[in-house]
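The listed protein sequences derive, respectively, from chains A and B. Each residue of the first sequence is one higher than the last, beginning at 885 in the working numbering. Each residue of the second sequence is one higher than the last, beginning at 2 in the working numbering.
Source of the hints: derived by calculation from the structure; they are not laboratory data. Quick caveat: nothing in here was measured; it's all calculated off a predicted structure. Some hints could be false.
[Stated by the list, open to error] Pairwise CB distance ranges (calculated):
| id | chain 1 | residue 1 | chain 2 | residue 2 | range |
| --- | --- | --- | --- | --- | --- |
| 1 | B | 27 | A | 940 | 42 to 52 Å |
| 2 | B | 40 | A | 924 | 54 to 64 Å |
| 3 | B | 3 | A | 929 | 48 to 58 Å |
| 4 | A | 888 | B | 151 | 49 to 59 Å |
[What the hints assert, rightly or not] Negatives, chain A to chain B, calculated, CB over 10 Å:
| id | residue |
| --- | --- |
| 5 | 890 |
| 6 | 904 |
| 7 | 919 |
| 8 | 921 |
| 9 | 930 |
| 10 | 961 |
| 11 | 995 |
| 12 | 1037 |
Idealized CB from N, CA, C, for every residue including glycine.
If you want the building blocks of each chain, they are given just below.
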Amino acid sequence: MDQSKEKFAQLQELIDSLKNQPGALMPVLQGAQGIFGCVSEDVQKFIAEGLGVTLSEVYGVATFYAQFSLHPKGKYLISVCLGTACYVKGSQTILDKLSEVLEIPVGGTTPDGKFTLEATRCLGACGLAPVMMINGEVYGRLTPDVIPGIIEKYRAKED
Amino acid sequence: MDIYRAHVLVCGGTGCTSSGSATLIERFNEKIKENGLDKEVKVIRTGCFGLCEAGPVVIVYPEGTFYSRVKPENVDEIVTEHLLKGRKVEHLVYTDHATHEQNASKSLEDIGFYKHQMRVALRNCGVIDPENIDEYLAMDGYKALEKVLTKMTREEVIDEVLKSGLRGRGGGGFPTGLKWKFTYNSVADQKYVACNADEGDPGAFMDRSILEGDPHAIIEAMAIAGYAIGASEGYIYVRAEYPIAVKRLTIAAAQAREYGLLGKNIFGTDFCFDINIRLGAGAFVCGEETALMHSIEGKRGEPTTRPPFPAVRGLFGKPTMLNNVETYANIPQIILKGAAWFSSIGTEKSKGTKVFALGGKINNTGLVEVPMGTTLRTIIYDVGGGCPNGKKFKAVQTGGPSGGCLPESLLDTPVDYDNLIAAGSMMGSGGMIVMDEDNCMVDIARFYLDFIVDESCGKCTPCRVGTKRMLEILNRIVAGKGKEGDIEKLEELAKTIKATALCGLGQTAPNPVLSTLKFFRDEYEAHIKEKRCPAHHCKALLQYHITDKCRGCTACARVCPAQAISGEIKQMHVIDQDKCLKCGACMEKCRFGAIIKK
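Chain A on its own, in the form it takes in the complex (with noise of 0.2 Å):
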């Protein structure tokens, strides 16, 4: 409960920071969704009262951007990329092996909340297509067969 009692004081303090520039609500959503991971609920409702505009705006807003998302993700975010440059290389086919390895659909997270498999638009490493991120870290000149391999790694890695 302290931890989220922190996280809440420090998008209050956000909040207060950027409450008298025009256009704040954006970038306070955004700090939220680093923050928390999410934006819930409790967190928009936060939001609504801190910049004093009503809940269907911040809600509205959130539901816009594909950047905000409402519930949490997994620990480990893949983000396939579905450009056009990696399109035409096959990206499709390594989301449906990680579909299939995962045995989740795209845009959801596997029970156990260790992966979140996602689309994305172009990450602009056209050069290494098909791409793929986890967590930050790309995987570039993928084909299906080393999907396993590299998912392995992360269900090997502990807590």
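With the hints as your guide, set chain B onto chain A.
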């Protein structure tokens, strides 16, 4: 300033960073120190060199030796051989795909990839350290700003930009000078300058490379624009997915403030200007100007109808002048070298150069800048090195989800705004994706529609519902369930959406379908009438077969996840089509090339 006898330039663009250039820099610094060369050799992390395919890229000056795909373990060799003993490490030197030549003794300009290029917007990318304002200043940085503030009137600045013929590089191609003039003419207590750095086209990374490689150029250009139109504040709206670009912009802005190049009374004049950096949050539609401004205001990034145009009523209700990153990157050069110089480059109606992100089935994936009017063939074959693995070129896609696919027969089209539109595509922001014989054009159209359906903001019905209907039809066609009349239905929907959607996203959304229908109609027909995918790409329409090249090694049968392959050892194997999942694992495994797709 310290003088060094050699400089090691390591690419710090996103592509090379992804393949480990940061580790290289650490290792170089370590090894150089170890060998006592740290007073003689300097390591610099630059912006993108452009040739991402060869990354991570390292260039050693004064020789200009171009090392490609450098691994951390190669660093020791480069330091002890090249830097210490002055012997180039031949086996690491870049090999030209087209000529199979190494350039150990040649300069960069002789490499096919660079020979046809002309760098205006990218002039400092891969040359300077983007996190060091002194290096930008040494390349005539902020001299254009000084010139306009001390020697030119606001009207003269606008006139110069008008005369240069520069057109918006974000894709629309609207004359930049006119935009400046309109905003200048608006009367208000506050005006804004804004920069569209929400580069969302899949497969496009031109703007990102400029922001990462030369952030000061954008800040300088925005200040010049601010002076010209009478704005004291600027906003840069940049994708949150570009962390390196955001970081370097932030550093650049802080350095500019420290040097008095942003802030109050710049160059001792009464001109005051500063910028704010705002991050996008993953919405493609925010590249549309009205949507972008709503997003900066902290609202849902939905477009609104124009007029009023931003020049009259934009950000926070004030007149706003919005330009794209690459457009801005040209401004300081136009001011310093003059409109006449700029307009001498390019074609009659499209002046200057254009940056393209070359990607897909092409040897030299990367970033290129060529004069307007260069043909597609030159870009794809001479600069890009053609399709890899001896595959046959099929199409080039320009303009992202708003553009189209052009076939081989149009490769001699000189690239400019008007020619590309006449050919059935558009310039767009500059993504250029090459496709070969293995790519199914129906599936490519489906891919773009899928993207649009995902990114449509939902405000207007033609885009929200219409593109969804088009996608459903395309999904049906690639699944082998296409019906007579589907093509006509697609065309009718496309026409209606183009005519009635609210913003540019919707109005151009049908273009990938229309252009593929125009040039690759036979592929659509093969899918619908013959239930056949000519590129052997669509899973539902293909079958794997084992030919008589089979030696009966059983490798395929062992790897098949569905136990669909049977056969005795040393006998030809057979695939049971009912059981086959079409995963292709057998084809990958076969060492004799005995498995084919039909």
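Against the structure, the hints:
1. B:27 - A:940: 42 to 52 Å: Since the Cβ atoms of residue 27 of chain B and residue 940 of chain A sit about 49 Å apart, the hinted range of 42 to 52 Å holds.
2. B:40 - A:924: 54 to 64 Å: holds (55 Å)
3. B:3 - A:929: 48 to 58 Å: Given a distance of about 56 Å, which is inside 48 to 58 Å, the answer is holds.
4. A:888 - B:151: 49 to 59 Å: Roughly 56 Å apart at Cβ, these two residues keep to the hinted range, so it holds.
5. 890: holds (24 Å)
6. 904: Consistent with the label, residue 904 of chain A stays out of reach of chain B, its closest Cβ about 13 Å off (over 10 Å).
7. 919: At about 15 Å from chain B, residue 919 of chain A clears the 10 Å cut-off, so the statement holds.
8. 921: Fine: 15 Å to the nearest Cβ keeps residue 921 of chain A off the interface.
9. 930: The claim stands: residue 930 of chain A keeps its Cβ more than 10 Å from every Cβ of chain B (closest is about 16 Å).
10. 961: holds (13 Å)
11. 995: holds (23 Å)
12. 1037: holds (17 Å)
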